[in-house]
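Given the coordinates of chain H, assemble chains R, Z and U onto it according to the supplied hints.
Protein chains in written order, with our numbering: chain H, 216 to 362; chain R, 216 to 362; chain Z, -3 to 78; chain U, -3 to 78.
By construction, these hints were calculated from the structure, which means they are not laboratory data. It cannot be assumed that every hint is accurate.
As the list claims (entries may be wrong) - Restraint ranges, calculated between C-beta atoms of paired labels, are given here:
id	chain 1	residue 1	chain 2	residue 2	range
1	R	Met263	Z	Asp44	22 to 30 Å
2	R	Thr236	H	Trp362	27 to 35 Å
3	Z	Ala46	R	Val255	23 to 31 Å
4	Z	Gly11	R	Thr236	47 to 55 Å
5	H	Trp362	R	Met263	46 to 54 Å
6	R	Glu346	Z	Asp44	15 to 23 Å
7	H	Thr284	U	Arg37	30 to 38 Å
8	H	Leu254	R	Met263	48 to 56 Å
9	R	Asp281	H	Ala229	29 to 37 Å
10	U	Arg34	H	Glu354	33 to 41 Å
11	R	Glu346	H	Arg283	44 to 52 Å
Stated by the list, open to error - Subject to a maximum C-alpha distance of 27 Å in a straight line, what follows is the list of computed DSS-like cross-link-like pairs (lysine-lysine):
id	chain 1	residue 1	chain 2	residue 2
12	R	Lys317	H	Lys352
13	H	Lys339	H	Lys352
14	R	Lys339	R	Lys352
15	U	Lys14	H	Lys339
To be verified - Away from chain H, derived, C-beta distances all over 10 Å, residues of chain U:
id	residue
16	Ile12
17	Glu15
18	Gln18
19	Asp29
20	Tyr38
21	Asp44
22	Ala61
23	Gly65
The structure presented is a predicted model; accordingly, all values stated were derived computationally and were not measured. In this text, a Cβ means the ideal position worked out from N, Cα and C, and glycines have one as well.
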Amino acid sequence: MTVRVQENPFDFGAEAQAFATGRTDAGAVVTFTGIVRDLVQSPLHEMMIEHYPGMTERALSGIEADARTRWDLRDVLIIHRHGILRPGDMIMMVATASPHRKDAFEAAEFLMDFLKSRAPFWKKERTGEGEEWVASKSEDEYALSRW
Amino acid sequence: MTVRVQENPFDFGAEAQAFATGRTDAGAVVTFTGIVRDLVQSPLHEMMIEHYPGMTERALSGIEADARTRWDLRDVLIIHRHGILRPGDMIMMVATASPHRKDAFEAAEFLMDFLKSRAPFWKKERTGEGEEWVASKSEDEYALSRW
Amino acid sequence: MIDVLYFAWVRERIGIPKEQVQTSAATVADLVDELRSREDRYAAAFEDLAALRVALDQELTDFNAPLEGVREVAFFPPMTGG
Amino acid sequence: MIDVLYFAWVRERIGIPKEQVQTSAATVADLVDELRSREDRYAAAFEDLAALRVALDQELTDFNAPLEGVREVAFFPPMTGG
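Chain H extracted, bound-state conformation (with noise of 0.2 Å):
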């Protein structure tokens, strides 16, 4: 179970890698990964996302512990990155090992929503026409409730 909160890059592919290497324990493993797009209105210069350093740490433990009570879970990754992004970046990733894919895939699913909109990150948007806070989407606080 590893939580981390990071400003330079990961590597994805490692990650995930050495996540399902020699598990025998947990035939299913899946990953989500959150990539920086490009806008289609005004190309997007970067990405800067701000975090509540300490809470966010606490926010994503809670989160990932409330999973494993949830569905049998024999491991959790979730990696996110704050600071300066720029399009085709990875942004974050999470990872679930289970013994059935059905609780790998909701669990997945159940991490994403609440860091979608329970984890403090902000993202701010720069491109040629200025800075904008990215706002939060109604859909979101709604996939919420069915957890």
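Quick look at chains R, Z and U alone, frame taken from chain H:
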């Protein structure tokens, strides 16, 4: 859009990394990996996976094309091994890329549900007590009914 | 002449992975009846059709499907991929 | 004395990320009223509470929560992680 059926191992980390790298069109990437589990009752010596050459590729390509009509997918990868595998070996992986995390998750679950009971693979387990074909699970058949 | 393929325990019970069959069976079910009457190993393999699946020219179908124009029939247990 | 932290556009509107505040406010809402009355930049930041979230000692809560025993209050817009 890639479908591969092969006897050789695949490099999950490298495949996942290549799939997610440089993607500025799709912010959400989901992977699922199936791993040979050891058995609790009697240690598993090996798993033999038989398949139906020709039909396998057709079935996987058909499932992949079906997924693309149902969700907004920018890329899909399916790799499935056959032959002899041992505990901890990776049997297969799917990966999906979409602008929306819900689409990436649902499409990966859909692909897995179909791979489980509509792609012509059959697993046989060899333990100290002999060899046995893995029985299909009614829950796997049931899982298809939601799509 | 039609190619008939067997997989997994169906292949093991019948003892071969593939054979060519001369048949005028109208449907899959008719072909199964012909095979069953041949030898015990076929009767054993086709004992319980509910435990079997069939594909015609590499497409899943059911036992009532017509055989006209079909080149390849495959019998196997429910799949266990993934 | 209580540490008050601001994030994202709340931080930008108020102009500082953190300050120490001497207060006897009973609830978060009372503290917000005190801050609003200080200067226009606070009034601007706290204009619409529905657009804000609050955490006490790093736990999300609501504006009716009591402040007794709390060492750190943080104000910020809805989160946009992931």
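Verification of the supplied hints:
1. R:Met263 <-> Z:Asp44: 22 to 30 Å: holds (23 Å)
2. R:Thr236 <-> H:Trp362: 27 to 35 Å: Once the Cβ atoms are compared, 31 Å apart, the range 27 to 35 Å for tryptophan 362 of chain H and threonine 236 of chain R holds.
3. Z:Ala46 <-> R:Val255: 23 to 31 Å: holds (30 Å)
4. Z:Gly11 <-> R:Thr236: 47 to 55 Å: With a Cβ separation near 49 Å, glycine 11 of chain Z and threonine 236 of chain R satisfy 47 to 55 Å, so the hint holds.
5. H:Trp362 <-> R:Met263: 46 to 54 Å: With a Cβ separation near 39 Å, tryptophan 362 of chain H and methionine 263 of chain R fall outside 46 to 54 Å, so the hint is violated.
6. R:Glu346 <-> Z:Asp44: 15 to 23 Å: holds (21 Å)
7. H:Thr284 <-> U:Arg37: 30 to 38 Å: violated (43 Å)
8. H:Leu254 <-> R:Met263: 48 to 56 Å: For methionine 263 of chain R against leucine 254 of chain H, whose Cβ atoms are near 50 Å apart, the range 48 to 56 Å holds.
9. R:Asp281 <-> H:Ala229: 29 to 37 Å: Taking Cβ atoms as reference, aspartate 281 of chain R and alanine 229 of chain H lie about 33 Å apart, which means the hint holds.
10. U:Arg34 <-> H:Glu354: 33 to 41 Å: holds (36 Å)
11. R:Glu346 <-> H:Arg283: 44 to 52 Å: The hint (44 to 52 Å, Cβ to Cβ) is violated, given that glutamate 346 of chain R and arginine 283 of chain H are roughly 36 Å apart.
12. R:Lys317 <-> H:Lys352: It holds: about 14 Å lies between the C-alpha atoms, which stays within 27 Å.
13. H:Lys339 <-> H:Lys352: Cα-Cα ~14 Å, so holds.
14. R:Lys339 <-> R:Lys352: The given pair, whose Cα atoms are some 14 Å apart, holds under the 27 Å limit.
15. U:Lys14 <-> H:Lys339: holds (20 Å)
16. Ile12: Correct as stated: the minimum Cβ-Cβ distance to chain H is 14 Å, above 10 Å.
17. Glu15: Given that every Cβ of chain H is farther than 10 Å from that of glutamate 15 of chain U, nearest at about 16 Å, it holds.
18. Gln18: Answer for glutamine 18 of chain U: holds, closest chain H Cβ roughly 23 Å.
19. Asp29: holds (24 Å)
20. Tyr38: holds (19 Å)
21. Asp44: holds (13 Å)
22. Ala61: With a cut-off of 10 Å, alanine 61 of chain U remains clear of chain H, as the shortest Cβ separation is near 15 Å.
23. Gly65: holds (18 Å)
Of the numbered hints stated above, those contradicted by the structure are hints 5, 7 and 11, listed in ascending order.
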